[in-house]
Amino acid sequence: MDPTEFTQGDNTFYIRPMDPFKSLELLGDLQKTFLPAVGAAFNNTEFSGDDKKNLTMSTLLNKNIDFGNGLATLSSAINGTNLANMLQRILNTEYIAVARSGKSAEKLDKAKLMELYQGNLKGMFELAWAVLRVNYADFFQMLPVTPVTGLATENENQ
0 MDPTEFTQGD NTFYIRPMDP FKSLELLGDL QKTFLPAVGA AFNNTEFSGD
50 DKKNLTMSTL LNKNIDFGNG LATLSSAING TNLANMLQRI LNTEYIAVAR
100 SGKSAEKLDK AKLMELYQGN LKGMFELAWA VLRVNYADFF QMLPVTPVTG
150 LATENENQ
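Each residue of the sequence shown is one higher than the last, beginning at 0 in numbering that gives the first Met the number 0.
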């Protein structure tokens, strides 16, 4: 499978899907951490038949969402250490290469990762989201979300 390109500033990342069993293990931990928070946020929300058939982000945002309850549930499930470990697992350097400022692509190692994201946590989360999209694209196709910009496979660029 061709790597998926993700452009961020002057850097282009090449993301390959993880080993399927690593991906499943990570998915299990992600769902254990985040789905209870999503459930808590939508706990008192009712969806009609039409909502279920035509679920969109707009439909979701127009519902009675209890963000406080969702955040409280998430906060009880994750701490700083868990978050850092989760991000390190998502940003598994075995599956990511980076071409920095027009140079040729090199394997993304921990030192490059630290250099790129020192003081730029938002950028690190954006890369993590791109990695999740690559590894769980089949699940994301079922969700009513807008695609992440900057992601394209080599086949789509040709």
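Treat the hints with care, as some may be off.
[Said to hold, decoys possible] Label-pair restraints from in silico Cβ distances: (1) D137 <-> D28: 16 to 24 Å; (2) R88 <-> Q7: 17 to 25 Å; (3) S103 <-> N78: 14 to 22 Å; (4) G118 <-> T92: 35 to 43 Å; (5) A71 <-> S103: 40 to 48 Å; (6) A98 <-> S75: 36 to 44 Å; (7) G8 <-> A76: 27 to 35 Å; (8) A98 <-> Q30: 30 to 38 Å; (9) K109 <-> D18: 30 to 38 Å; (10) E105 <-> A71: 15 to 23 Å; (11) A71 <-> D137: 24 to 32 Å; (12) S103 <-> L26: 14 to 22 Å.
Worth flagging that the hints you see were computed from the coordinates, not collected in a lab.
Note that CB positions come from ideal geometry on N, CA and C, so glycine has one too.
Right, here's what the structure says about each hint:
1. At about 18 Å, the CB distance of D137 to D28 agrees with the hint of 16 to 24 Å.
2. Taken as a hint, the range 17 to 25 Å holds for the pair R88 and Q7, whose Cβ atoms sit roughly 20 Å apart.
3. About 39 Å separates the C-beta atoms of S103 and N78, a value inconsistent with the hinted range of 14 to 22 Å.
4. For the pair G118 and T92, the beta carbons lie near 20 Å from each other, so the given range of 35 to 43 Å is not met.
5. For the hinted restraint 40 to 48 Å between A71 and S103, the CB-CB distance of approximately 47 Å keeps it satisfied.
6. Separation of A98 from S75 is about 40 Å and conforms to the stated range, judged on CB atoms against 36 to 44 Å.
7. Between G8 and A76 the beta carbons are some 32 Å apart, a value that agrees with the proposed interval 27 to 35 Å.
8. Under the hint 30 to 38 Å, the C-beta atoms of A98 and Q30, about 33 Å apart, fit the expected range.
9. Distance hint check for K109 and D18: the Cβ-Cβ separation is about 19 Å, which falls outside the suggested range of 30 to 38 Å.
10. Separated by about 42 Å at the C-beta atoms, E105 and A71 break the suggested range of 15 to 23 Å.
11. Separation of A71 from D137 is about 31 Å and conforms to the stated range, judged on CB atoms against 24 to 32 Å.
12. Checked against the hint of 14 to 22 Å, the C-beta distance between S103 and L26 comes to roughly 32 Å, which is inconsistent with it.
Of the numbered hints listed earlier, those contradicted by the structure are 3, 4, 9, 10, 12.
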